[in-house]
Every structure is written in C-alpha cells, then in structure tokens.
Amino acid sequence: MLNRIKAIAVKETRQLLRDVRMMGVIFLFPVFLLVVFGYAINFDVQHIQLSVLDRDNSPESREFINSLLSTDYFDLVTYLKSDREIREFLDRKKAQCIAVIPSNFSNEIYRNEVAKIQFLIDGVDGNTATIIMNYVNAAVASYSNNLNYEFLSSRGIKLSSSVSLEPRFWFNPDLNSTRFLIPGLIGMILIIIAVVTISLSIVREKERGTIEQLNVSSIKIPELLTGKAIPYIVIAFINAGIILAAGYLFFGIEVKGSYLWLLISTLFFLAASIGIGILVSVIADSLQVAFLAGTLISLLPSMLLSGFVFPIESMPYVIRIFSNVTPTKFYIVCLRSILLKGAGIEVFWEQLLYMVIFTVIVVVAASKIYNKKQLKELSS
Amino acid sequence: MKGNGFATVIHFIIKEFQQLKRDPKMLAIVLAAPVLQTIILGYAATFDVNNVDFYLLDRDKSSVSRKYVEKIINSGYFTIKGNTENYEEIENAIMNGKAVIGLIIPREFEKDIENNNGTKVQIIVDGSDGNKGSIAFGYIQAITAAYAKTILLDKIERNGIRVPLKSVNAETRIWYNPELKTRVFMVPGITALLLMIVTTLLTSLAIVKEKEFGTLEQLIVTPIKPWQMLLGKILPFTTLGLIMILLVNSVMIFWFGIPIKGSLLFFFFASLLFILSTLGIGLFISTVSRTQQQAMMVTVFGAMMPMIYLSGFVFPIENMSRIIQYVTYIIPLKYFITIIRGVILKGIGIADLWQETLILALMGALILFLAAKRFHKRLE
Amino acid sequence: MNYSIVAENLTKKFGDFTAVDSVSFKVEKGEIFGFLGANGAGKSTTIRMLCGLLEPTSGDAVVGGFSIMNEPDKVKQSIGYMSQRFSLYNDLTIEENIEFFGAVYGLKGKLLEKRKKWVLEISNLIGKERTLTGDLPGGIKQRLALGVAVIHKPKILFLDEPTSGVDPISRRNFWDLINRFSDEGTTVLVTTHYLEEAEYCNDIILINAGRLIAEGNPQRLKTEYIDGNAFEIETENPVELMDILKKAKFIIDVSIFGKKIHVITKKQFEKPDELENYCTQNEFKIDRITRIVPTLEDVFIHLLEHGSKNAQQN
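Heads up: the sequence lines are chains A, B and C, in that order.
Quick note on the working numbering: the first sequence kicks off at 911 and runs consecutively.
Quick note on the working numbering: the second sequence kicks off at 105 and runs consecutively.
Quick note on the working numbering: the third sequence kicks off at 15 and runs consecutively.
Just chain A, with the same shape it has in the complex (with noise of 0.2 Å):
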C-alpha cells in the first residue's frame, strides 16, 4: 500500500515540478500578494478628509480647527465656501467628514451658552463613519473640557479629570490593525492555493482520462488520493513557511508561541483544506465547474465568514452555522494565539479538534459521492 502511495506521490510531484510556470505562480504569487496586500489591509482610520465651512470665522473657530488638526487623525482638504459645496464635496468622496461651524459659535462660548458645530459624515463607509464620530466627539469634548477649565481656573478653582483610564493593548500594543489582519491573509492564501490545486490535479486527470488508466490498475481511491495530496499539502507546507517568513520580514510577524504547534495546526488546516479540493474534485467532472466551485467555496467564505474580517459572535446565529464551512476560522484562531499571543496549546487544543473533524467530515463525504458516481457508471 505505502509502495502504490509513494509512486502517485513521486508520479505527481515529477508532474508538478515540469511545469516551471506553475511552480512561480504557486511559490511566488502568495509572497507577492502577501506583502502587497499586507499593506493594503488596516483599519486604521488616520488621515480623515476633512472640508470646513467656518461661518463664524473668528479667533475661536480658528483656534478649534487648530485643535483638530493637531490630532494627527484629521488632514484639511480645503474651506468650503457655501452650503452647496457641501453635497458636492460628499457626494463625490472629496471629503469624508465636514465641519460646519455656525457664525455665532464665537458669541456663544463668550456668553457661556452652548455652542453647537455640526459635523456631517459620509456613512456609506459605516464602520470608518463610526470611527470618525468617535474622533470628532472625543476632540470636541476635550476641547469643551479645555474651555472650562480655564474657565474655572481663572476663577480660581483647580479641577482637573476626576477619572482617566490606563489601557494596555496586549498582544498588539499600538493596535496595528495589520497585525491581527495578517493571520487571516495567511489563512486565506493557503487554503486557495491547497483547493484549487488538489482539485485541478485530480479533475485535469478525470478530464484526460487518465484516471481510468489509474482505475483499472490495483490502486484503492485512498491510496491514490492519499498519494495526490501529499506532495501538495508539502507544497502548500513549504509556501505556508515562506509566508510566514515574509511576515516576519515585513510586518515583524514573529513567532511568539511554539513552532512545533504551528507546523501541527498548519498541516491539520492544510490536511482540512486539502480534503475540500478532495471533495470538489468528486462532485466536478470539468475543470471549469471544479474551479468554479472550488473558488466559491474558498476564496469569499474564508475571508468573510472566518472571523478575519467581520467578528464571528456579531454574526446572527444561522450564519455563524454556515461559517463552519471554512477551516481558515479554525486556523485564523490558531495563528492568532500562537503568532500574537504566543499562548499554548490549552488555548486553541479545541479549534485542532475541529479541524480534524472537518477533514474527516469533508473526506468521508467525498468518498461516499464517489463511491455512488462509480454505481452509477456501472449500471448505465
């Protein structure tokens, strides 16, 4: 058995290594995008558009605007001049945010009466518009704050903020939104080349008949998928290392917990993610369905069901369900406790259990439509 194994095994990894293009899309495509893309993904909201129409336009309008600005979170686009350059600026994204300051802001704050500036947020973007509002209201608090206690204090009364808070951002201490971000991509990465290439290997020889060769010889389906997902699951293996090692180059991804539990939980995820190209390759007779379906299945649900992006538990519960069917939310657990946290095993012990309960689930389904296809071959 191991001999019949070994020889798909070798048969496939000769295949693999002719085709020299091939091998550049697979080891350095993931690279390439990982760093590319390593860039492109945060959330951190700096550098805020902001227009300002300053109706007042007075020493204290001025000086707000300063204070504004000097957060760091807010970058001046330019003074509107009218109110009908407001929808305008909005509408065609020239601006994220506008402040309109009213021209008796000035009177107000003189006569201790409360003056209001009205802050106009493009939503469409709802989380960065939250975001946004947060800084505004933080900025425009500590500035009231500001106003009083001068205020108090030129009458001779000393206060200052009663309580404060002393936060500590474990694990990520400037929260880097990249930081948490880079597991997923990891993930995400993975799992597409490990589908699409399992599944491509298997239907392309279904599709030239080959299979048949491999049929008629003594082989057990087993063996001969068992020998096919070997030398791409060290493929992906060898890939996920050097990813990994971009990481640390590039972003300072380093490995904070055991290398022995990520190589463990990167070949479980590769073992489950293997077993859905498995799968896809049984129900798809075309290359073309089995790349369909394989992308559908692992290209958006890994990155938007997996908990890389959106958090699982704000899901509704029908949907957390369906987020099952991607292992990346399994390994996205792992890599963020080992990569950032540099925890042990007690914590991510449940999400290996799944993977293996996924990879067997996924195999044995494959098995059982396999074995039905063959029955229906036969007696038609």
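There could be a bad hint or two in this list.
[To be verified] Below, a list of computed lysine-lysine pairs in the DSS-like style, where the Cα atoms sit at most 25 Å apart:
1) K273(C) <-> K236(C)
2) K125(B) <-> K1004(A)
3) K125(B) <-> K122(C)
4) K365(B) <-> K1286(A)
5) K1003(A) <-> K365(B)
6) K167(C) <-> K142(C)
7) K313(B) <-> K129(B)
8) K88(C) <-> K477(B)
9) K261(C) <-> K281(C)
10) K261(C) <-> K315(B)
FYI, nobody ran anything at the bench for these hints, they're computed from the structure.
Given the coordinates of chain A, work out where chains B and C should sit on it, guided by the hints.
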C-alpha cells in the same frame, strides 16, 4: 462561401449556449451560488461589536466603583464573564480568549475621586482578536468620559458655582447611511465581487479550454475571424452576467431591503461596463495561458485577489500606504464599487460619477483590445 | 502542370530546434499525396504551416493559389483539415457539431441541410444525430471528424495521421473515403507512419529530422532509391542470423520481419546462392531464401539508415 460577418458570430454564440446546456452543474453553480453567497455573506459582513466579554477585578468595592461598573454593563455592549479577586485570573482569561477586556479598579477609587486626586482605571485589551478590542475600548472610553463629566458637574455644583459652564457640542449627522449599518455598505460590494469572480472565471477558461482540447486548432483552419470568435465568446457570458446582475441585485433589494436610490438605468449601464472589463480580463488571461491550470492560477492570484483586497471593498483605500494607493488605480472593481455605492446609497448619477464610468469603459475597451491583439489566428 | 500545393524551402524553428528544414515539394491537383516519416520527423509541423496554423520561420508555400505567408485567410476558405487529435466538441451532439462547423464555413439554409445529410451519410451516422459526440467510439469519431473537415467541399484536404489508433477495418473504410474524395477531384495531403497506407498514395515524400530525404511515387521509390538487391530469408532464429549477416561485407541492410529477414545486398550480388553459402559457412541453418522486390519498408529503413548519404547524392 464568405465569412459572412455577424452570422458566424451568431452561430458561435449558439454553439456556446449548446455547450452551456450540456453542463447543467456549471449553470447551476453560476446562477445559484452568487445568490446564496450574497445572502450568507451579506449577513456575515458586519463590523458591529456587541456582546464583548470582560473580566472585572474591583479592588475598591465601594458604591462609586459599583456605579461605574453598572454604567458599563448598562451600555449594552458588554457582558461580564467573571468577577475575580485575582489579577492573574484576568491575565489568563485574556490569554485563553475568555475575555476581550479586563477591567481593574484600583483600591482607593472612591477616595481619590472624592479628594480630587484623580484615579486611574487599568484596562487590559486583547489586541489580537480583530477590531473587537479597539472598538470595545472606544466604548469604555466614552462611558468613562461621560462618567467623569457627571462627577465634575456634581463637584462644581457642590462648590457653589451657579453660572452655566462653557460648552461646545458636536452635532454629528451621518449622511447616506444614518444607522451606520455595515450591511448597506458591504452588500453592494459583495454583489460586485461575486459578479467579478464568476465572469472572470468563466472567460479565463474560454479560449485555453479549446486550446487544450484541440478544437481551437480546428477553428483556426476555418475562415472564422478572431473578432468573430472573441465576440462569440463574450456575448454569451455577457448574457449570463446580465442575468447574474439581475439575480444578485434582486437579493440585495428584496431580501436585504437595500433600495437603489439613484438611476436604475445608470446602475445597469455601469454594471454592464464592469462585466465587460472583467470578461476582458478573463479573455486576456485565456489567450496568454497555455493550460487551463495556468489560466486558473493566474486568474485567482493575479486578478481576483488583487480585486478583492485593493478595491476598497472591505479595506478602505484611504487607509492604505501611498504606493499601494497608486496600485489601486488599475483595479476596475475600485471604480465600480465607488459607482454602485454612490448610486445605491447616495443616489448620485452619471453627473457626479462620469469620471469613474469613463475610466471603467476605457479599461474594458483596452483589455478587450489587448485580448484581441494577443489572440492571433495561429497556434504558438 | 497544375499544382494544388507548391512548397518552397519551408522552414520552422522553435527556438534552437529546427523542426522543418527547408522542405520543398509540389502536389498535383486531385492526387493523394503521402507524407511519411517517423514520429517527430516534422510531418505535423509542415502540415500545420500549410494550413496556416503555424507561421513559417522562412520559406513559403502556395496552397490553392494563395500564399500561406501573405494570404492565410484566403487559403482557409479552400482547405479542410483534420488533426491527429480528435478536435470536435465532445459536449455537442453530432448534429450540433456538423451545423456549427458548416455555419463557420458560411453554409446555410438548404445547402447546409444537404451537406449535413451528406456528412452523416459518409460517416455512417444517420439516425444518431442527437448522440453526444463524446460518447462515440474512437473510429467513428474519426470518420465524423473527416466528414466535418470536408463539409464545405474543400479543394484541398489535409489529414494529419487520420488513422492513428483506428482499427484495421475502420482504416480500410477511411481510405475508401479518401479515394472517393480524390476521385471527385479533391487534392488530399495525408501524413502517416503506416507504410501500407503509403501504397495508396500517388506520390510520397519521406521526411527525416526535418529534412526531405526522398520523393516520388511508391513504385519509383522502391526501384530508384535502393542500390542493390533484396532477399527474404526464413529461419528459426532470425535475431542470431541478423547478427551474422551484419558482419558480411557485401550486405548493405538487414532487417527483421517476424520470422523473416530482409537483406539488401550490393548490386553485384544478384543470386540467393551466395547468401546461402555465407550462411552455411557460418554454420547457420536457413529454411528458405528468395529474391524479392523491395517493399516500401525496406526502402525507408534503408533510407533512414543511409539517408544523409543518399540525400547528398540527390
């Protein structure tokens, strides 16, 4: 016998449809998968953070500290998962992922507030688990600030100052998406993404498939012209794409209740331009690839992944580093997403979006031209 | 003389590798023209250049009156092509394939109907119009491919190893068809490595390693290209005998055909006795020895082994 222009194209189209009909599995995937994925992913795509688990270590145990904790719990965002006496337990909870936040109220909390000394609440945030940590911290910051303000006002009153205080308030108004729902922002993006994936995927194999099966050779020796072949390939897929546009947008409008505020006609026109560019990309890949496998890998890594990450679909382009921002200029999906978000959420039309529309059209024309140029009527 | 194809110094290079090295020949109208050579000799590459599938690196050919370099589109209207690989759509029915290719050649309406019937008839598929092409057995697929290749009644038909992998009876039928087309005035250019098929051809060229090494009708090839006499020896132990004969100075070529051995001797050795003597001298028992007219196979083996020498002489 002449190569009579469009008649040949029409026969080519008939042939393509006959082949599509023969592959019901693919047709099923092409039509059903995007609908299903729009629904599932549409629900999954939310940045909302609620149900944040936290651990509490209250060293003061005073009525003031209890009041503070109550405020946090009553905000509705937080669930208390543990009330402990032990600092280590908090550390463990965060390490194990049982809590995102650990709150440590110091011993002299009440006294320090009373004596105007200022007090510091320590807060430990898990920075590894996505955006959750920073958003949750934002909530606590706001709650604490409000709490501090009430204390301050309370004290001022007790100091006997009766004059109204100075106060500047921010009045934020969110445009286009007043409830700040992620969904109305994400669902149009998801539909665009699915359109892109299915159309590029289908066409990326269109020509290389015939190359591999040898039918291309048979076609080349006939008097059929390259443009007739390309047109014959594009039109069926465009039809399929149009059906998909109708399907996924019906899901968006009727299932998710996201109406299209702007002109429906312009919306479909832009969608058509967009799929022409993605079909063009697919065809181009198909003409330069030698095998279906190559075509697929290049499609996934060279076209789809960059489109997903660099289009501003999830990750705002404004946040990206400068160089990467320049790279996004070549991503057609970027323009399309700007257009559809504008039309759907802002209700703006071609008057404001003519630039994006023009670029999209030019890109489509350019890539189709390149594909036609690459596609000589010879082998090699 | 009226020629359908005139090739002049056709050359095709793939990188450093020269697949076809300045090959020139002429094909008369209505004849069956055979292209022989081992696998990889350059047959398919030549035929692909003539059909406009590949662009020649240098040289040119006039096919049906048009240059393949300058007017490949015009060439295409008058040729039919069938490749060694089955190249119809497996996922279309027989009828759909015929209709599609017919339409691509600009056929329509009644004419298309008529030709469709004709194709079905010659490929023996009447009544099976709705069968998926992919479900047909190999030999029948080839017939259909041939039918589709001639749907527009081309003046010139290119067949690239049309019968490889086809059973002998189907092959026979296939050649009947080819003869029929030729009788109707179609020029047929066919590549093959089956030598018995070459006997059906009016004219033959032999290609080896990209070079043309012999040409003429089969009869002329047999008599002109061999510079000696051919004998057939029957024996129990041909392998051993071959080793012995190879050492003999008066022998040019020895080759095994099952239990027989074909020997080509130098011109002055005309009688079988001398050969027999040589064998007995070497204490080898032979059953029978006869003088024969050389077969094409003898000629080709001879040419391939001494090809370069003869080519220089020509």
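Here's how the hints hold up against the structure:
Our distance criterion of 25 Å between C-alpha atoms is met by K273(C) and K236(C), whose separation comes to about 23 Å. For the hint linking K125(B) to K1004(A), the alpha-carbon distance of about 48 Å lies beyond 25 Å, and the restraint is violated. Between the alpha carbons of K125(B) and K122(C) the distance comes to roughly 23 Å, so the proposed pair stays at or under 25 Å and holds. Proximity of K365(B) to K1286(A) is assessed by CA-CA distance (about 51 Å); at most 25 Å being required, the pair is judged violated.
Distance restraint check for K1003(A) and K365(B): the Cα-Cα separation of roughly 17 Å lies within the 25 Å cut-off, and the hinted pair is therefore satisfied. At roughly 22 Å between alpha-carbon atoms, K167(C) and K142(C) fall within 25 Å of each other, so this suggested pair holds. Of the supplied pair hints, the one linking K313(B) and K129(B) holds, its CA atoms being roughly 17 Å apart against a limit of 25 Å. Between K88(C) and K477(B), the direct Cα distance comes to roughly 20 Å. Compliance with the 25 Å bound is thereby established for this hinted pair.
Taking the CA atoms of K261(C) and K281(C), the gap is about 17 Å. The hint holds against a cut of 25 Å. In summary, the hint linking K261(C) to K315(B) is not supported, as the alpha carbons are separated by about 51 Å, beyond the 25 Å threshold.
Checked against the numbered hints listed earlier, the structure breaks hints 2, 4, 10; every other hint is satisfied.
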